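Which chain is which? The protein sequence lines are A and B, in order. Going by this note's numbering, the letters in the first sequence line up with residues 342 to 502, in that order. Going by this note's numbering, the letters in the second sequence line up with residues 448 to 763, in that order.
Everything labelled a hint here was simulated from the structure, so no lab data went into it. Any given hint could turn out to be false.
[Unchecked claim] Derived lysine-lysine pairs resembling DSS-like cross-links, with alpha carbons at most 27 Å apart:
#: 1; chain 1: A; residue 1: K401; chain 2: A; residue 2: K473
#: 2; chain 1: A; residue 1: K400; chain 2: A; residue 2: K422
#: 3; chain 1: A; residue 1: K429; chain 2: A; residue 2: K473
#: 4; chain 1: A; residue 1: K483; chain 2: B; residue 2: K714
#: 5; chain 1: B; residue 1: K620; chain 2: A; residue 2: K500
#: 6; chain 1: B; residue 1: K455; chain 2: A; residue 2: K473
#: 7; chain 1: A; residue 1: K429; chain 2: A; residue 2: K483
#: 8; chain 1: B; residue 1: K490; chain 2: A; residue 2: K483
#: 9; chain 1: A; residue 1: K422; chain 2: A; residue 2: K473
#: 10; chain 1: A; residue 1: K500; chain 2: A; residue 2: K483
#: 11; chain 1: B; residue 1: K541; chain 2: B; residue 2: K490
#: 12; chain 1: A; residue 1: K400; chain 2: A; residue 2: K473
Just so we're clear, the structure is a prediction, and the values are computed from it rather than from any experiment.
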Amino acid sequence: MECSEVIVMAPQNLKVEVISEGTVIDHIPRGNWLKVVEILGLTESNSGTLLIASNVPSKKLGRKDIVKIEGRHLTEEEVNKIALIAPKATVNIVEDYRIVEKFTVEVPDFVEGILRCPNPRCVSNHEAVSPKFHVVSRDPLKLRCHYCERTVEGDDILKNL
Amino acid sequence: MRRACMDKTDWIGRDVVSMRDFSKEDIEFVLDVAEALEDELRKKGSLDYARGKILATLFYEPSTRTRLSFESAMHRLGGSVIGFSSASSSSVKKGESLADTIRTVERYSDVIVLRHPLDGAARLAAEVASVPVINAGDGSNQHPTQTLLDLYTIRRAFGRIDRLTIGLLGDLKYGRTVHSLAEALAFYDVELYLISPEILRMPRHIVEELREMGVEVHESTNLEETVPKLDLLYVTRIQRERFPDEEEYMKVRGSYQVNATVLRNAKESLKVMHPLPRVDEIHPEVDGTGHALYFDQVFSGIPVRMALLGLTLGVL
Numbered sequence: 342m343e344c345s346e347v348i349v350m351a352p353q354n355l356k357v358e359v360i361s362e363g364t365v366i367d368h369i370p371r372g373n374w375l376k377v378v379e380i381l382g383l384t385e386s387n388s389g390t391l392l393i394a395s396n397v398p399s400k401k402l403g404r405k406d407i408v409k410i411e412g413r414h415l416t417e418e419e420v421n422k423i424a425l426i427a428p429k430a431t432v433n434i435v436e437d438y439r440i441v442e443k444f445t446v447e448v449p450d451f452v453e454g455i456l457r458c459p460n461p462r463c464v465s466n467h468e469a470v471s472p473k474f475h476v477v478s479r480d481p482l483k484l485r486c487h488y489c490e491r492t493v494e495g496d497d498i499l500k501n502l
Numbered sequence: 448m449r450r451a452c453m454d455k456t457d458w459i460g461r462d463v464v465s466m467r468d469f470s471k472e473d474i475e476f477v478l479d480v481a482e483a484l485e486d487e488l489r490k491k492g493s494l495d496y497a498r499g500k501i502l503a504t505l506f507y508e509p510s511t512r513t514r515l516s517f518e519s520a521m522h523r524l525g526g527s528v529i530g531f532s533s534a535s536s537s538s539v540k541k542g543e544s545l546a547d548t549i550r551t552v553e554r555y556s557d558v559i560v561l562r563h564p565l566d567g568a569a570r571l572a573a574e575v576a577s578v579p580v581i582n583a584g585d586g587s588n589q590h591p592t593q594t595l596l597d598l599y600t601i602r603r604a605f606g607r608i609d610r611l612t613i614g615l616l617g618d619l620k621y622g623r624t625v626h627s628l629a630e631a632l633a634f635y636d637v638e639l640y641l642i643s644p645e646i647l648r649m650p651r652h653i654v655e656e657l658r659e660m661g662v663e664v665h666e667s668t669n670l671e672e673t674v675p676k677l678d679l680l681y682v683t684r685i686q687r688e689r690f691p692d693e694e695e696y697m698k699v700r701g702s703y704q705v706n707a708t709v710l711r712n713a714k715e716s717l718k719v720m721h722p723l724p725r726v727d728e729i730h731p732e733v734d735g736t737g738h739a740l741y742f743d744q745v746f747s748g749i750p751v752r753m754a755l756l757g758l759t760l761g762v763l
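This is chain B alone, in the form it adopts within the complex (with noise of 0.2 Å):
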């Protein structure tokens, strides 16, 4: 399944589905043309690579973000946006298949991006559309341009992803973020510490498939006594609605806080990240300080969503 591009011709029209079809060298070659159109951006304050393209983001579910950010990034580029952001806005409303509502847009557009509830959907639009289909989240299952912002802003702070001890806290038992991003990971040589309350613990076959893959993987529930140890920590929300019965929510939420007093111990140069929004993980406190990289890391979006748009519509 996972094939390399190494060639900017070899990305044209791909589909962005899953990080399983990713290899190392893909992810690789993804971050190196996302760091040289950060760099001409900064340069030149605006790119016109992609004028008189459009995007199109469906979003059938709010995602503020994330959609903010693909816009964002293709403005940046020259090119033009159109789209929807809820489905109660769309076609869909009317009982429109998502395979109908792709065919139509399709034809409006030269690349189209796509947030929806059902897991699944980014690979059937994607089988269905003729032009790119870059998937933005499909229910719980993928959203492998957060997981390619996370490596690039883990590259960008350190100038490495080999050789550092990430700590990932949290919901690591729903959350589809950190699943994707340790898989990611483990291409890597990094040291992995899995933090989290005892019945929110990685799926133990994520946690085999990191260890067959050379990855040394620790579990712990005490997030005071590792944070010595690392040079990253990766914090989520524990996320309400992922899970099955209010009252195993009730018995997690709130179990940890990133703060001073966890960080006294901490490593000068550990970076703290959040794919936010933040609900009370990270206290406000910590923002001040050198360890947080979490807003760096929201802007890492742009020329990495920069990247794939240009890629995948043969403009770069």
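Excised from the complex, chain A in its bound form (with noise of 0.2 Å):
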């Protein structure tokens, strides 16, 4: 991972790291902060600055992580793609400290390029296509296979991120 500069924090400290500008994930599920990360493409050299506060405490989730990303707004779109990791997470833009926009993240009807297929017999392992999945279900979250048709849910899905 090239990321310019990440700064794990304790829960504690996250009060005095408040960003001036950029965007706050918040109430992602304990330990996908990584994740959210590479499917945001934020592990670039150029991305910025990213504050990264991981098991902290959430009346919602029990525990969670929050990522801060300092001078980057994201839009609905591009944060739509960390829907299957982070289906209830809530999205801050901050402008000179204060929080301009406010949404939650949307699962979409079809998600393409984000996970592989886990049957190792589906042809987007072995050709050279983007691996897509219809959303057949958002709660519990299912998702087809474009190609293959198989159902992939819970652990499947994070694993084949």
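These two chains come separately, so use the hints to put the complex back together.
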């Protein structure tokens, strides 16, 4: 991983590290912050400072991760890519230390290029083709491979991201 | 995903990849066209709707019956056929991707029939090709023309698909033919008996889906007890190659055989179907009885595939 700067903080330091400008992704299930960062392509050297809080107590989730991206405003479309691993995530856009926009992640109807098909006999694992899935259920999350039609759910989704 | 194509012009260039893409109206439409073609074929002997058209049959794994059935259907329509019947004789041996083979073959032909060992291969081929692609089996996933010919056989034999009590027997866990057939039957007013050894029961998600669609589903391990209730018994082979381990296969092989003893309490009108080839699931003594429908079922492949070829080519 080539992060320009990754600061993993203890939860008690959270208030100190408020960002002045950028995006805060909250309510990421505990342990998934790295996958979020990877899916959003924030591992490039030009993606700005990332502030990560992991294992933070949460009323909604018990424990959660938070990712703050300094100096970059993510769009709803960009953030929806993380819906498969953080379906309850909330996104805050910060300008001049104030939240100017707030939205929740939405699981799209169709996802492409985010996870591999767990079926080893699926053509998408053998040919140069981007894996695609239809979302058949949001809660619990269930996907169906566009090619082999196999249903993917639960841990199989996380394992194949 | 399902869209109804009730007009012949809607079918031109359409791919036939999965039964999931078919509505009940689509199924009925194909069966109607097949029936009209069968009647016309019986009257005239041969037809010439597809004269000048070329079918490419790309069989990456052997399936003599399916390939011959498609080729016969195309010849009966007056068209021509090119193709290969095993991966060893094709460019795949030289390492060519499926996508490249399809892009090449579509320039030689007007319609492509594909049989491939990988799940989802037909969907990929259909995305790449500008000519229609018909799936003749993609790994353990779909074989839609088998399902359509099964439905056609039932409708021809009973004059309807509704109000029938149907038993599905054999490998209900791994058998893609029965999964696909059961899901298509769910469009109709049928009662289903799923008969299999305990370890080869129909996957839960399919049973739930059938029930959600309003089908009355019963599960049983006892064939003799169930047979008297049935109008139709659909028998499948327990396929060794689908089992992850040999031991599991050895436990269940030869679990059931449909023979005169099993059928002694059957309704006189009971029909027995089988996608063939059979091993020992149906005793040859059944062949000569009024119950045997499996050889008519083989013939059904011709009008159904003629209909699909003709519709997707836009020549009917």
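Right, here's what the structure says about each hint:
| no. | hint | verdict |
| --- | --- | --- |
| 1 | A:K401 / A:K473 | 30 Å, violated |
| 2 | A:K400 / A:K422 | 24 Å, holds |
| 3 | A:K429 / A:K473 | 22 Å, holds |
| 4 | A:K483 / B:K714 | 43 Å, violated |
| 5 | B:K620 / A:K500 | 25 Å, holds |
| 6 | B:K455 / A:K473 | 30 Å, violated |
| 7 | A:K429 / A:K483 | 15 Å, holds |
| 8 | B:K490 / A:K483 | 51 Å, violated |
| 9 | A:K422 / A:K473 | 13 Å, holds |
| 10 | A:K500 / A:K483 | 14 Å, holds |
| 11 | B:K541 / B:K490 | 47 Å, violated |
| 12 | A:K400 / A:K473 | 34 Å, violated |
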